[in-house]
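Peer 1: Produce the entire structure from the sequences given, and follow the hints as far as they go.
Residue numbers (my numbering), protein chains in the order written: chain A, -3 to 351; chain B, 77 to 369.
Keep in mind that the hints were calculated from the coordinates and are not lab data.
Just so it is clear, CB atoms sit at the ideal spot from N, CA and C, and this is done for glycine as well.
A couple of the hints might just be wrong.
Distance condition first, Cα-Cα at most 27 Å in a straight line; then the derived BS3-like pairs of lysine-lysine [stated by the list, open to error]:
hint: 1; chain 1: A; residue 1: 10; chain 2: A; residue 2: 194
hint: 2; chain 1: A; residue 1: 10; chain 2: A; residue 2: 336
hint: 3; chain 1: A; residue 1: 191; chain 2: A; residue 2: 9
hint: 4; chain 1: A; residue 1: 10; chain 2: A; residue 2: 191
hint: 5; chain 1: B; residue 1: 262; chain 2: A; residue 2: 254
hint: 6; chain 1: B; residue 1: 262; chain 2: A; residue 2: 142
hint: 7; chain 1: A; residue 1: 254; chain 2: B; residue 2: 338
hint: 8; chain 1: B; residue 1: 341; chain 2: A; residue 2: 142
hint: 9; chain 1: A; residue 1: 9; chain 2: A; residue 2: 121
hint: 10; chain 1: A; residue 1: 121; chain 2: A; residue 2: 191
hint: 11; chain 1: A; residue 1: 9; chain 2: A; residue 2: 142
hint: 12; chain 1: A; residue 1: 191; chain 2: A; residue 2: 254
Listing some non-contacts, in silico: residues in chain B with all C-beta distances to chain A over 10 Å [said to hold, decoys possible]:
hint: 13; residue: 79
hint: 14; residue: 85
hint: 15; residue: 154
hint: 16; residue: 179
hint: 17; residue: 184
hint: 18; residue: 191
hint: 19; residue: 210
hint: 20; residue: 214
hint: 21; residue: 229
hint: 22; residue: 242
hint: 23; residue: 248
hint: 24; residue: 251
hint: 25; residue: 286
hint: 26; residue: 337
hint: 27; residue: 338
hint: 28; residue: 347
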Amino acid sequence: MYLPCGVFNQDYKKEMSVLRHREHWVLAGFIALALVSMAIFANNYILGLANLIGITLISAMGLQILTGFAGQLSIAQAAFMAIGAYASAVLTDDYGLSYWLALPSAALITGLAGILFGWPSLRIKGFYLIMSTFAAQIIIMYFISKVFIGLTGGTGGHIASPPNFFGRSIETDRGWFILIMSILILSNFFLVNMKRTKMGRAFVAIRDNDLAAEVTGLNLATYKLAAFFLCCVYAGAAGSLYAHWHQVVFPEAFTLDKSMFYLGYLIVGGLGSIPGVYFGVILIIVLEEFLVVAIGALGSMYPNATNFIAPAQGIIFGLVIVLFLIFEPRGLAHRWEIFKTYYRTWPFPYVATHK
Amino acid sequence: MLDLLYYMISGTFLGSIYGLIALGFVIIYKSTGVLNVAQGSLVMIGAFVCYLFSVQIGFPFLLAVPLTIVLSFFLGMLLDRFLFRPMIGQPHLGVIMMTFGLLWLLDGMVVFIWGAENYAYPKVLPTQAFEIVGMRFTQELLWSFIVATVMMVILLLFFRFSRTGVDMRAVADDQQAAQAAGVRVKLTYSLAWGIGTVVAAVGGILLGLVTYVFCGLGIIGLKVLPVVIMGGLESIGGAITAGILVGILENLAGAYLEPYLKGIKEVAPFFILLIIIIIRPYGLFGLKRIERI
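Peer 2: Below, the structure is given as structure tokens:
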């Protein structure tokens, strides 16, 4: 870990701050400027895309806690988002709760569901755990779309009315952009700090060697369930935002494929890295959107072209995953680290050890 | 009572196909340590390649099947060489994500080429149903059962007696010791992938005969995951037994629980999976791994 010149960490406060040196402040300034100018000037298409990216980022951050930090695999992230989405839709529209209460309640309910489905992780791990989360995905979506029809509306969907902000209903993409980005910034801030607490370090210890972690006195059960809980709180919040942003929620939005995508984002971005979440999600969603636009443009020449959007997305996604695993298994975050080291050690071409 | 017997017998027939597909999965897992989530997609590819040969090109069915088998074998070898050999020594998640990527790639390609429609093989079997003690089954189901059983016996004999089969078991048991004893480990990996893919393709053709050739075969193929978890990831006998058990349980759930829970038949295997994982995490016949630091 190389710090830039002139960072001396003279007191604890300075060492522990999130924005530590000039480059951080410059980056934060640029991001703030970009967000504000987007909120003012961007058109609805860009804002819609940014909202989708924001919601996906929140959910992917949750999975980063569970898979990237704590090393527990899960392919049920979309199903957990579904729990959050339906919980907040039912709470606001059937029970008349305010959205500002329904959002945290939905996150909490999803967190509890996460503890329930994370329970098998106490006895099993690796391949067996991914199987049990796979079953969880199928079973949760089965219950939502086929069994609790009275509550969820089944395949017909459920209305999720837009929230009220001091008498103004948030319905436009611009309003949602501000809300989603604020929650995203909060989530990110929490994530950065959580990584440095005792809990965050315990997660990493469990990921690296769970037996050794247990021998050093960590209570595996507590921390594994805490990881599932946090992961699902993020998923629940993301699901709730997703539902109310669309104002209606269908089971088709939370399929097994979506769950696999979340693991794919982490692989492309880099496991265990917070910037990695951003790289992975933005790269893949922008790539998909590009594909939709490109095939849509072809659609004017070949009317059948739109039928190929879904399979083409699958092929591209599969190809991206496979190529990343072969050529850069540590994801884009690793490239980013290499670039940073290069920038900081320039003009010297080599460093003794990096990272 | 006769109903129950009927569901159990047809469940056994269907379950034998699951068992066969699970066997392909176990062969790959045992020898190479890759948990192949894309096994369902390999099943689907097999079914579609056979459809390509038998209908779209127009070869007779009995020529199309061996052609599919040969092609699948090489497909499996290629997958091993280009996708999974670079992953040796990588963490679990990377390996499993590779199979997810493969799943997306293969599924996308099948839908891209053939679209989301149902196709059927030419009628090669007699159309009239056959009877066992007054119960009627389709010919396809019976022949699938016979073919699946024959394949299983061949594979069991292969692992028991042939030199390559013994090599594979040696590699599965201890890769380094096997290498020291002169077993060509890389070749064995490739062969395991080839055989696993062939078994998947045969399973796909059988499923295509019993139902249709369509892009949902991949999802049906995914039912092997409950099967292998139930049988234990390492156990060949377990895969076969659990395949038949899951087939029977699925049929019974469809028959007796359907009035109370709509659509339970499709998800029943996953309930079984969750229950098995909770009460007996390493399957009925799997090995419990003892870990040391």
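Peer 1: All the hints need checking, so say for each whether the structure fits it.
Peer 2: A quick look at each hint next to the structure:
Distance check on the hinted pair: residue 10 of chain A and residue 194 of chain A sit about 20 Å apart at the alpha-carbon level, within 27 Å; holds. Only pairs whose Cα atoms come within 27 Å are accepted, and residue 10 of chain A paired with residue 336 of chain A is accepted, the gap being roughly 21 Å. Taken as a hint, the residue 191 of chain A and residue 9 of chain A pair is honoured in the structure, with Cα atoms around 17 Å apart against an allowance of 27 Å. Simply put, residue 10 of chain A and residue 191 of chain A have alpha-carbon atoms about 18 Å apart, close enough for the 27 Å limit, and the pair holds.
About 34 Å separates the Cα atoms of residue 262 of chain B and residue 254 of chain A, which puts this hinted pair outside 27 Å; it is violated. Proximity of residue 262 of chain B to residue 142 of chain A is assessed by CA-CA distance (about 47 Å); at most 27 Å being required, the pair is judged violated. Restraint check for residue 254 of chain A and residue 338 of chain B: the C-alpha separation of about 24 Å stays at or below 27 Å, so the hint holds. Annotation: proposed proximity of residue 341 of chain B to residue 142 of chain A holds, straight-line Cα distance about 12 Å (limit 27 Å).
The hinted pair formed by residue 9 of chain A and residue 121 of chain A fails the criterion: a straight-line CA distance of about 39 Å is larger than 27 Å. In summary, the hint linking residue 121 of chain A to residue 191 of chain A is supported, as the alpha carbons are separated by about 22 Å, within the 27 Å threshold. This hinted pair does not check out: residue 9 of chain A and residue 142 of chain A have alpha carbons roughly 54 Å apart, beyond 27 Å. Distance check on the hinted pair: residue 191 of chain A and residue 254 of chain A sit about 26 Å apart at the alpha-carbon level, within 27 Å; holds.
Annotated as non-interface, residue 79 of chain B keeps its C-beta farther than 10 Å from every C-beta of chain A; the closest such distance is 24 Å. Non-interface call for residue 85 of chain B relative to chain A: holds, since the shortest CB-CB distance, roughly 27 Å, exceeds 10 Å. For residue 154 of chain B, the shortest C-beta to C-beta distance to chain A comes to about 13 Å, beyond the 10 Å cut-off, and the non-interface label holds. With a least CB separation of 7 Å from chain A, residue 179 of chain B falls inside the 10 Å interface cut-off, contrary to its annotation.
The Cβ of residue 184 of chain B sits about 3 Å from the closest Cβ of chain A, inside the 10 Å cut-off, so the non-interface label is violated. The beta carbon of residue 191 of chain B is not kept farther than 10 Å from every beta carbon of chain A, the shortest such distance being approximately 7 Å. Consistency note on residue 210 of chain B: stated as away from chain A, and its beta-carbon is indeed over 10 Å from all of that chain's, at 34 Å minimum. Residue 214 of chain B, annotated as away from the interface, keeps every beta carbon of chain A farther than 10 Å; the closest lies near 28 Å.
The beta carbon of residue 229 of chain B is kept farther than 10 Å from every beta carbon of chain A, the shortest such distance being approximately 28 Å. The non-interface label for residue 242 of chain B is consistent with chain A: the shortest C-beta to C-beta separation is roughly 26 Å, beyond 10 Å. Non-interface status of residue 248 of chain B relative to chain A is upheld: no Cβ of that chain comes within 10 Å, the nearest being about 15 Å off. For residue 251 of chain B, the shortest C-beta to C-beta distance to chain A comes to about 18 Å, beyond the 10 Å cut-off, and the non-interface label holds.
No Cβ of chain A approaches the Cβ of residue 286 of chain B within 10 Å, the least distance being about 22 Å, so the stated non-interface status holds. Remark: the non-interface label on residue 337 of chain B conflicts with the geometry, its nearest Cβ contact in chain A lying 6 Å away (cut-off 10 Å). Non-interface status of residue 338 of chain B relative to chain A is broken: a Cβ of that chain comes within 10 Å, the nearest being about 5 Å off. The beta carbon of residue 347 of chain B is not kept farther than 10 Å from every beta carbon of chain A, the shortest such distance being approximately 7 Å.
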